[in-house]
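Visitor: Each chain, letter by letter, is given below.
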Amino acid sequence: QLQLQESGPGLVKPSETLSLTCTVSGGSVSSSSYYWAWIRQPPGRGLEWIGSIYYSGNTYSNPSLRSRLTVSVDRSENQFFLKLSSVTAADTAVYYCARHLRYSGNELFDYWGQGMQVTVSS
Amino acid sequence: DIQMTQSPSSLSASVGDRVTITCRASQSISNYLNWYQQKPGKAPKLLIYGASTLQSGVPSRLRGSGSGTDFTLTISDLQPADFATYFCQQSYLSPWTFGQGTRVEI
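So the protein sequences, as listed, match chains Z and F.
Numbering follows the working numbering, with no gaps: position 7 of the first sequence is 7.
Numbering follows the working numbering, with no gaps: position 32 of the second sequence is 1032.
What the hints contain is simulated information worked out from the structure, not anything from laboratory work.
Some hints here could point you the wrong way.
Derived DSSO-like pairs: lysine-lysine, alpha-carbon spacing no greater than 27 Å straight-line [claimed, not checked]: (1) K83(Z) x K13(Z); (2) K83(Z) x K1042(F); (3) K1042(F) x K13(Z); (4) K1045(F) x K83(Z).
Predicted model, so just to flag it, every value in this text is computed and none were measured.
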């Protein structure tokens, strides 16, 4: 059974860089069948797709975050990563990693991690 | 970006009821519409993709329909496990965007 687990600091200071790791088990980030995604949910609000990465390192992301965003993958460790720079309180959210399946033109997120609360505060 | 608007934002129902949630896209998205269920403190779970195809393991009491700009999720014979928040998501055009959610309450 595929499992994803987010990890990283739960508290980040304003203007600093938020860094999260997603560790994948029961499957491989090296699979050519999937992308791997980051999605976030601010408190009391809906979901926002942040960006996705392929095993080759090819990425695409939400233009609203692109200038501050780095998504990377480590195939040897079966992990992928999120870095979001110059954070503000607006970046406070639960951050999820997910498997991103591209199927018949559809883009869907079929497995999710449990989510990690990240708070931006001094 | 394509805006996804769900209605209602919340609804109250009883076990055994039939409920319908609507999702409207700001432009035509063909059938590139997915539905997720989220319970408090848990990750979202994919229910339906391609507007009407049930994900493996999802009960047939759930039904998705629609195309273009208007979509519905119908849950028949509401069960205790169905009380949750439901999100739609478009995958027609990046960035992939979600509705604000519909909370189904007892």
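Visitor: Which hint numbers doesn't this structure obey?
Guide: Hint check: nothing fails, all pass.
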